[in-house]
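Asker: Residue-level listing of the chains:
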Amino acid sequence: MSEPRTVRDPIHGFIRLSGEEADIVATRTFQRLRGIRQLAFANLIYPGALHTRFEHTLGVFHVSSLLCDVFKFSAEDGRLVRLSALLHDLGHGPFSHVSEGALEIFADRTKLADRLKGDNPAKIHELVTQDLLRTDPELQRLIGRKMLESIEALLSHGYGEPVLRSVVSGPLDADKQDYLLRDSYHCGVKYGIFDLQQLHRELSVVEDRVDGKQLMITSDGVHALEQFVLAKHYLTAQVYTHRVRLITDNMVVRSIVLGIEDDQIEELKKLYAYDGRAEFVTNYVRWDDARFMLSFGNDSLDGKSCHELVQRLAHRRLLKQVFVEKLAGLPLSCREKLESITKPSSRERRRTLEQRITEVIQAADVNLTTKLADPSKLVIVNSYKAKAVREMSRNDEGPLLVRRGNDAPTTFENESDLFRSLSSEPTEARFAVYAPVEYENPAQRRDLQKKLREPILGALEDFGNGE
Amino acid sequence: MVNDYSIRDFVLLGYKAFGGSIRGKTMLQKRIYFLSVMLDANLGYGAHYYGPYSSAVAAANLDLKSLGYLDESASGWGVDHRGFEIARYDYSLTGDGIATAEFKAEKHAGLWKKVQNAAAVIQQAGDLSYMELSIAAKAYFALTRLKGKATLDEISGLMPQFGWSVDKDELEKASAFLERAALVTQQ
Numbered sequence: 221m222s223e224p225r226t227v228r229d230p231i232h233g234f235i236r237l238s239g240e241e242a243d244i245v246a247t248r249t250f251q252r253l254r255g256i257r258q259l260a261f262a263n264l265i266y267p268g269a270l271h272t273r274f275e276h277t278l279g280v281f282h283v284s285s286l287l288c289d290v291f292k293f294s295a296e297d298g299r300l301v302r303l304s305a306l307l308h309d310l311g312h313g314p315f316s317h318v319s320e321g322a323l324e325i326f327a328d329r330t331k332l333a334d335r336l337k338g339d340n341p342a343k344i345h346e347l348v349t350q351d352l353l354r355t356d357p358e359l360q361r362l363i364g365r366k367m368l369e370s371i372e373a374l375l376s377h378g379y380g381e382p383v384l385r386s387v388v389s390g391p392l393d394a395d396k397q398d399y400l401l402r403d404s405y406h407c408g409v410k411y412g413i414f415d416l417q418q419l420h421r422e423l424s425v426v427e428d429r430v431d432g433k434q435l436m437i438t439s440d441g442v443h444a445l446e447q448f449v450l451a452k453h454y455l456t457a458q459v460y461t462h463r464v465r466l467i468t469d470n471m472v473v474r475s476i477v478l479g480i481e482d483d484q485i486e487e488l489k490k491l492y493a494y495d496g497r498a499e500f501v502t503n504y505v506r507w508d509d510a511r512f513m514l515s516f517g518n519d520s521l522d523g524k525s526c527h528e529l530v531q532r533l534a535h536r537r538l539l540k541q542v543f544v545e546k547l548a549g550l551p552l553s554c555r556e557k558l559e560s561i562t563k564p565s566s567r568e569r570r571r572t573l574e575q576r577i578t579e580v581i582q583a584a585d586v587n588l589t590t591k592l593a594d595p596s597k598l599v600i601v602n603s604y605k606a607k608a609v610r611e612m613s614r615n616d617e618g619p620l621l622v623r624r625g626n627d628a629p630t631t632f633e634n635e636s637d638l639f640r641s642l643s644s645e646p647t648e649a650r651f652a653v654y655a656p657v658e659y660e661n662p663a664q665r666r667d668l669q670k671k672l673r674e675p676i677l678g679a680l681e682d683f684g685n686g687e
Numbered sequence: 000m001v002n003d004y005s006i007r008d009f010v011l012l013g014y015k016a017f018g019g020s021i022r023g024k025t026m027l028q029k030r031i032y033f034l035s036v037m038l039d040a041n042l043g044y045g046a047h048y049y050g051p052y053s054s055a056v057a058a059a060n061l062d063l064k065s066l067g068y069l070d071e072s073a074s075g076w077g078v079d080h081r082g083f084e085i086a087r088y089d090y091s092l093t094g095d096g097i098a099t100a101e102f103k104a105e106k107h108a109g110l111w112k113k114v115q116n117a118a119a120v121i122q123q124a125g126d127l128s129y130m131e132l133s134i135a136a137k138a139y140f141a142l143t144r145l146k147g148k149a150t151l152d153e154i155s156g157l158m159p160q161f162g163w164s165v166d167k168d169e170l171e172k173a174s175a176f177l178e179r180a181a182l183v184t185q186q
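The listed protein sequences correspond, in order, to chains C and H. Here the first sequence stands for residues 221 to 687, where the numbers follow the working numbering. Here the second sequence stands for residues 0 to 186, where the numbers follow the working numbering.
Mimicking DSS-like on lysine-lysine, the simulated pairs with C-alpha atoms at most 30 Å apart in a straight line are:
| no. | chain 1 | residue 1 | chain 2 | residue 2 |
| --- | --- | --- | --- | --- |
| 1 | C | K540 | C | K563 |
| 2 | H | K112 | H | K172 |
| 3 | C | K670 | C | K591 |
| 4 | C | K670 | C | K546 |
| 5 | H | K167 | H | K146 |
| 6 | C | K605 | C | K670 |
| 7 | C | K396 | C | K546 |
| 8 | H | K113 | H | K148 |
| 9 | C | K337 | C | K557 |
| 10 | C | K337 | H | K113 |
| 11 | H | K106 | C | K337 |
| 12 | C | K433 | H | K167 |
| 13 | H | K106 | C | K605 |
| 14 | H | K146 | C | K337 |
| 15 | C | K433 | H | K148 |
| 16 | C | K489 | C | K540 |
| 17 | H | K106 | C | K563 |
| 18 | C | K433 | C | K366 |
| 19 | C | K670 | C | K563 |
| 20 | C | K396 | C | K343 |
| 21 | C | K489 | C | K563 |
| 22 | C | K433 | H | K146 |
| 23 | H | K112 | H | K146 |
| 24 | H | K167 | H | K148 |
| 25 | C | K671 | C | K557 |
| 26 | H | K113 | C | K557 |
| 27 | C | K546 | H | K106 |
| 28 | C | K343 | C | K433 |
| 29 | C | K557 | H | K112 |
| 30 | H | K106 | C | K557 |
| 31 | C | K396 | C | K337 |
| 32 | C | K343 | C | K605 |
| 33 | C | K670 | C | K557 |
Away from chain C, derived, C-beta distances all over 12 Å, residues of chain H:
| no. | residue |
| --- | --- |
| 34 | N116 |
| 35 | A124 |
| 36 | Q186 |
Heads up, incomplete: computed chain C residues facing chain H, CB under 8 Å, no partners named:
| no. | residue |
| --- | --- |
| 37 | L547 |
| 38 | A548 |
| 39 | L552 |
| 40 | R555 |
No wet-lab data here; the hints were simulated from the structure. Think of the CB as a built atom: it goes at the ideal place given N, C-alpha and C, for glycine as much as any other residue.
With the hints as constraints, model all of the structure from the sequences given.
Answerer: See the structure below:
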């Protein structure tokens, strides 16, 4: 085993790793995270956003270590939580979360039936992480099979007391505590700041005799929690769902889809058609952002659909948003169809709509600038949600709970004076269309969007009424 | 998906069956909880400090809002332990929501009939406040953990294990409601 190490980090200062942890960081599988940017192409909006999964994972590890101390976990539980934090992002493919969409589309589910059972089946990228933990020889050697099984359980559904899971996945998990601070720092925005020390000081574990030990915050920590929830809200609005970020994410996924379906690029298929075989993961861990861009932006693929999109991303010649509207503002007949339009099961329907919208754009004498014979391949429809700030404090397990001495706990929403007074502006779902159009200034953009609004609304209404 | 319908459709039909509006998130959660019990539908309810709670139902409610099927209004209501006002969020179907609920009722005619009947039973069993309904939901949830057969004392004894505190009078009232709704029988 190596000697303990200390790593200097711009967010948390010194991060201390034990010999075992340093050895895990030194593995090829872990080092690969240096090549996967945390926020994919967000650097096209915020040039500083070039940080990678590598430093984020070290940050999550560090915050988890702090929480282990706060909650006074046993040595065994502490090791489990810290190692889980170190390994939680290993399954990320090129461009982080963007790869997840492609994996969902191209996974061979007929071969995965046993692993996708139940009401809430695992996501494909979670299966990839499981495979990595089960098969990576270096991790097996360093950590041992038994501990890796516990880590896999903790990351996927929970292991031991619920509070252990809360550290690695939950409304206040170490992942969020790191990425909010780190992403805001690298993007150069000032929204993600919150008082980490105060938050930790006021976190506590409450024993629930049925469900075990649960994480809560004391009423003195409510203001730090308000900051945390607001940070999440602002970063989501300003960075994670920024218009250009949504466009670039969609361009990456479309480049993969076209590369596999139209261009028949075998390398891409091998990268995203997950079938549970050991060969898949062996290949998967050899890829990062740079190899993706070099391989599929290579001039030998000139003329291919995938190549055009990758080149556009490389040179920031992005698709433009030509239409956007709240779902609630669209014709009733099409709302639910549009809300689910990006699901893999809606692919045929989505393609039909994109072809129809391409026709109405061209009928409006708007030029679609692409070398492809079929420009509809670069017309992308998207639907997405913008969560209301009040809802930001909730997660899948329910609202955040605040402990008030010996009284029954209350919800954060009720305890926070600030959040109680927020207006009830609801969560919004939006629908947008991106296309390869050109304009030179905001006035031209507004004119173009105005010109296309009615024709696109008409196409959406027809789409809603048709089957 | 629950069978051939989504949880969102279930909640939408719940609104329709309860007259198009529900006052408060707790009332929504507990009414849909009892509907799910009566229809034997798994909507993901689990124990929570404020009684049985389903994040899937909460998410479905958000979806219904974002699709423009629900109006939400916040009203000042009561005060907390420090004297601060607590907000209550009321929901009602919009015109689009009413039209869509009508469409879904036709599409899932069998489900709609069951939801309608179950909602009628719940309403006829008593016009409970959100708090009373919450206690009834807690009592029923605890009973299911006791294999469906227990005395009031046994139910009362189990309550603290969920972090719930219910006094005997409240529990008796809840029990009477559950009996009228044919969810329990006295032996």
